[in-house]
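Engineer: Listed here are the chains, written in short residue letters.
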Amino acid sequence: MNIRHIIYLIYPLFLSACTLLQPTSINDIISERVNARWQALIEQKWADAYLYETKGYRESHSVGQFKSKFGQAVAWQSIEILSINLDESQTNATVTVRLPYTTSVFGSEVRHSTADLSEIWLLDKDTWWHYMQ
Amino acid sequence: MTKKTKLGLAVAAALSIGAMAQSAQAANIATSGVGEIVYIPYYSTTGGKTSYVRLTNNSFETIAVKLKVREGTFSQDARDFHIFLSPRDVWVANIREVNGEVRLHTSDTSCTVPSKDRGWTADAGGGFSINVPAVGNTGSTEGYIVAQVMGSSDGRLPTQGSLFDAVSFMQHANAVNNAPDSGAGDSNCHQVSAAFDLNQGLALRDEPAMLALRSQFTEPTNSLSGAAAIVNPVNGTITDMPVTAVANVVNRNGDGTENLASYEDVDINDLVSNDIIGFVASDIPDERNAAPFNAAIYDDINFAVSRVGFAGTGNDAALTVSAALMQSSLMNYVDTTGGNSWIVTFPTKKFHLAAVCSAPFPADCSPDITSIQHTVRNQGALSYVTNEEESEFTTPDSEQICFSGPDFAANCSTTSTTTVSLPTEVNVVTMGSGNALGSALTTNISTDFLGGIGSGWMQMRFTDAVAIPAIDVDTNAVTTLNGLPAIGFSYIEYNIGGIATMTQEHAYTSPLRP
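Protein chains in written order, with the working numbering: chain A, 1 to 133; chain B, 1 to 514.
Just chain A, with the same shape it has in the complex (with noise of 0.2 Å):
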């Protein structure tokens, strides 16, 4: 077996794993850093949640200006993005997601709902982040 049939062997090998590795459109990419942005929200990492937002606002605002916009009424459970829109430029994403979350009202039993939110992002510098609004 000379080195061409080696390269034969491997190369499709190696195609795969690329395509498994790399996003590929930009919906993945933006879903990917929708997802990974709430999954920090859930999980209360304000720190990582807070690195997702836009140059400006983290310019502008501390984690803990960050994590004083949010309350403790509410325990969000999950998220699933149902839809992504571009603008022609394909530099502005509007995301809408649903937002699983239980709450406790009239101070009685737990009561689970969902919330559907619509969200900005923002590419900069290939990368894309959640304008604060």
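These are computed hints drawn from the structure, not numbers from a lab. In this text, a Cβ means the ideal position worked out from N, Cα and C, and glycines have one as well. Worth double-checking, as some hints may not be accurate.
Per the computed footprint, the stretches of chain B lying under chain A, defined by three or more beta-carbons under 8 Å from a beta-carbon of chain A, are [what the hints assert, rightly or not]:
(1) 49 to 60
(2) 92 to 101
(3) 220 to 232
(4) 498 to 505
Chain B: place on chain A using the hints.
Structural biologist: Only chain B this time, still in chain A's reference frame:
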């Protein structure tokens, strides 16, 4: 449930037995929180918010309730349906956006009209939901809710004809929502709903199926109370909201006692009934069903309750509830740092809308606020200053009283006068910058007009309102009501290492004040 703050101990003294009988013959703010109409002054589904509603039947009778979701721009009924609450029943529902559509959801099994098998959708997590069609400028994402008792029943069966027992049908144990022809038989709730066929008009209100149901109901009673809250799942807050109950809207006996006559007590062909049960997707009943046209007005100068009446029909009938809700001014806590909004809802404004708006609303239907009196406490005060008169001022300018408007000389505002208009049924009045509720129904009072940054007290007078003449029922004297029928509260968002919210119901001054 929150009592009106103006009706404190002084009022309790004023409401002697005699006065109680008087107010019982006239529509009045229910200080007990239990009445015939319950107003939830605000709901919102913007930004992922969910608004919760709880209705409680405080009586030993089954009551028929009409629930209306009114959009905040022009009070259009975006969704309405009937709920039948068994004795001591508690009903909970929520309103939120799902897939871009506003929907009302409940897991409660109380019978509704339409029944759950028609018009409602079974939700994946349990319960049922019904859409709230997009109307008005907000697309029904903001508005207020009205629940009105249409009739009450102690379960007496009609003596004429072959009729079903609606009251036992409506008990939770018997409430079943099988679809017709399902093989399991028509559900009890479905049979109740069938009496209110959506395709039938008011002319058929006395058809046998409807008569069969109404024959078991009598005059609406003061039995309903409510509670409300807004959940913001994004910032993790729950905000309880004060609600307003109006009692004694329908008192046909005229002596403060309820008329318990129903069709069973009269010839079924004699169409005299004391309930106000109407069809779904119909305006009826609403505030115009008041009878007699009397309202109880609290006089906060003389600490007395006056009973006033109105003549006329149609929208004049709405004046009864309007008068009961009328206030010459609102007062509350104010904070100009961005987290404070005042909800000011005019729940009966829709009845005064015409080619030209009718009194008490001005002709352009957008009452102006040109007189705002407020105190502003500078945040830079070196020590805590309370709002009590006896507090010590540690810095000379720690508290300023600023007057603005045509009647007062501005002494701390860079803007001498300004006009703030409240153009919609639900108005979210924001102070300074910020729109904490993310509302589309905002009217802003600028920081300049308020006299700077700070927090304190504010009084908003309805100087643009048109006075209403009324007759004092007991003295026959002509009197004048000033102000507007307004309910609402101050919403405050604050941060103590995490975000939190609170509300405070508006305090009011009597419409008998000039």
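Engineer: Evaluate each hint against the coordinates.
Structural biologist: A quick look at each hint next to the structure:
no., hint, result
1, 49 to 60, "holds (count 4)"
2, 92 to 101, "holds (count 7)"
3, 220 to 232, "holds (count 4)"
4, 498 to 505, "holds (count 4)"
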